[in-house]
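Colleague: Read off the chains here:
Number of protein chains: 2
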Amino acid sequence: MPDRLAVLRERIAELGLDAIVITHPSNRYYLTGYTGDDIPPNESGGHVIITPDRAVLVTSSVNSEQARQQASGFEVFDRVYGLAEADAAVLQEIGVRRVGFEDKAILYQDYRTLTERLGDEVELVPVGTLVDDLRLIKTQEEIAKIARAIEVTDRAFEQVAPTIKAGDRERDIALRLEVAMRELGASGPSFPTIVASGPNAALPHHDPGDRQIQPGEPIVIDMGARVDGYCADLTRTVWVGEPDPRLREIYPIVLRALETAEAGLKAGLTGREADALARGVIEQAGYGEAFGHSLGHGVGVRVHEGPALSKRNEEPLPAGSVVTIEPGIYIPGWGGVRIEDVGVLEEDGVRILTRAAKRSID
Amino acid sequence: MPDRLAVLRERIAELGLDAIVITHPSNRYYLTGYTGDDIPPNESGGHVIITPDRAVLVTSSVNSEQARQQASGFEVFDRVYGLAEADAAVLQEIGVRRVGFEDKAILYQDYRTLTERLGDEVELVPVGTLVDDLRLIKTQEEIAKIARAIEVTDRAFEQVAPTIKAGDRERDIALRLEVAMRELGASGPSFPTIVASGPNAALPHHDPGDRQIQPGEPIVIDMGARVDGYCADLTRTVWVGEPDPRLREIYPIVLRALETAEAGLKAGLTGREADALARGVIEQAGYGEAFGHSLGHGVGVRVHEGPALSKRNEEPLPAGSVVTIEPGIYIPGWGGVRIEDVGVLEEDGVRILTRAAKRSID
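Residue numbers (our numbering), protein chains in the order written: chain Y, 1 to 362; chain L, 1001 to 1362.
Incorrect hints may have been included.
Said to hold, decoys possible - Pairwise CB distance ranges (calculated):
1) Y/ARG246 - L/PRO1162: 49 to 59 angstroms
2) L/PRO1162 - Y/ASP228: 31 to 41 angstroms
3) L/TYR1081 - Y/PRO332: 19 to 29 angstroms
4) L/LEU1015 - Y/GLY119: 27 to 37 angstroms
5) L/ARG1097 - Y/THR139: 49 to 59 angstroms
6) Y/ARG246 - L/GLN1069: 18 to 28 angstroms
7) Y/ARG312 - L/GLY1073: 30 to 40 angstroms
8) Y/TYR81 - L/VAL1125: 20 to 30 angstroms
9) Y/GLN92 - L/ALA1144: 41 to 51 angstroms
10) L/ALA1089 - Y/PRO332: 19 to 29 angstroms
11) Y/THR163 - L/GLY1229: 24 to 34 angstroms
To be verified - With the Cβ distance kept under 10 angstroms, some of the chain Y side facing chain L (calculated, not the full set):
12) SER26
13) PRO40
14) GLU43
15) ASN63
16) ASP103
17) ARG171
18) GLU178
19) ALA202
20) PRO204
21) PRO208
22) GLY209
Since the hints were made in silico from the structure, they are not lab data.
The beta carbon of each residue, even a glycine, is placed where N, CA and C say it ideally should be.
All chains should be built: construct the whole structure from the sequences, respecting the hints.
Modeller: Structural data, given as structure tokens:
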């Protein structure tokens, strides 16, 4: 990944750093291509150290052979002790004075180890989301990979959705969706598939369980394939038989909020302005309190990344970001409706990548 | 989960703490039963605050309805900003002086937020693996859940293993195993399924890919179901047709190392002594350098937990722990062999829970 390293090295030089230690797993994958697993909070597949002329992947002996195969251009340091101890050993061997670290993505324990091992003569400089920010704007190659993940997701949804019938269990539908994504080429889901029926649809992140689908109730399906390291994210709300009266009222509001947001969204709006496009429609319909999350988020090597389409983001959204647009209304005890597309932010609008059909209610 | 809270509150009292903040997702699940998702490093499904008379689950509005349903007996604090900011607000409202925190499982950023918000009058006390350690010794109910996860895993392996044939792709075998586990009752895999064939079998944590199975080569399958929140872990090495000469030599060594370890393992041995049981057999056969990981680890709500059957663990292994026993030999360029069972440590031995058949080579 020579271009990405070159850009990062420019940033390192601008900040007057001798090196940077990268502890964020998605940033590690973005820079190295190494797919080592991480289990939060304290099992990491590896750290990365970048200097003006070295690129080191620090990992454990269990993963080092895989790291050597995947991270071309990187030296693999095969630790026999803790990762942060190994980071410190590599940094001492290189001989550094000012070292950047990801203060939003490092364990307290690893930070402590680095300060203790490196001593007073080394200055640790917090760099915030410096490396995450490299991922905000996608290349054409990255957009093509996301589009492929979305295509796999859309096709899996369209294969499985017509087979859903009353009496099906949520967990069985989720399994059918995941199998379809894998058979169509996904390496796996980009997050645990959500199938939330009836009252469960009031929970934005419901785990699919044994509940059986009933006619007329909302079924929120939120799913995504991972293809070639990149993520998709798709939500559709469907039903079996005739929609119940509340669904008949709420579904068109959410659909109109989505369509309004997609018509108005473009690069240069702030996150708050983007969020307001959909929120305005939902508030006007009297459901403002029931839309308890933000409108969307970036998608890339990680299913949730920047930029945030949120009332708490006052920054302008950059052209070339890929983002979700996903308004929802949730009513505890009854259920909910969410509809989600993904698109590329451009100067004059948003180019929607999602093709999965949406239902309509007359 | 009243018993677990009672035990934790005794520890808090012993340490003279007013409260403890729990940031480790597995500890959160163990105490609350809440299954909120976490994406490392910086998306957490929630934190827990325990005091002598309060039990609070701090989460986001996206997850709060689910948290209320799952975490019975807990107050759910529905934050509208960062989790650590919310932790601080709850702690200030309670009015605390000495607060324990999980120094091995907290983000640097969250630690900083706590210190800044709570100020000098509140002392933050590192408690290490205090809460993890509650999970070391399993109750009969927990052992029954793990045994059920193992049974699902064993049956899925025994259904799929006979169907493996030359030309099958690794990823397709992995999918068949995962579908079988789900159909048999798993909520999902307890970790990404490994199917590593030929040279890929030299990578202990290989991601299954497009490689097609060839006759005679080793195929390492490492898989586990999650059932009712508890994990299984199973490794078998299989082959199609006649095993190649190297597999014929190495497989019996690993099998003997496993059998020797299972015959000698019992509570009271140190992690180092346990590891040495298998390592001695492999070293004597001349493959010591090729066994690059430790013999095993605890299994519970997390697939990797304490105690460690490792040469770096000088502590005695407790009775009532559930552990893996998984020797392996890895030869870069050729492949590898690993065989893994799971058992309960008892005073006079280890009670093996795994039932999946092992191959033998005459």
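Colleague: Could you work out which of the previously given hints the structure breaks and list their numbers from low to high?
Modeller: Of the numbered hints, all hold.
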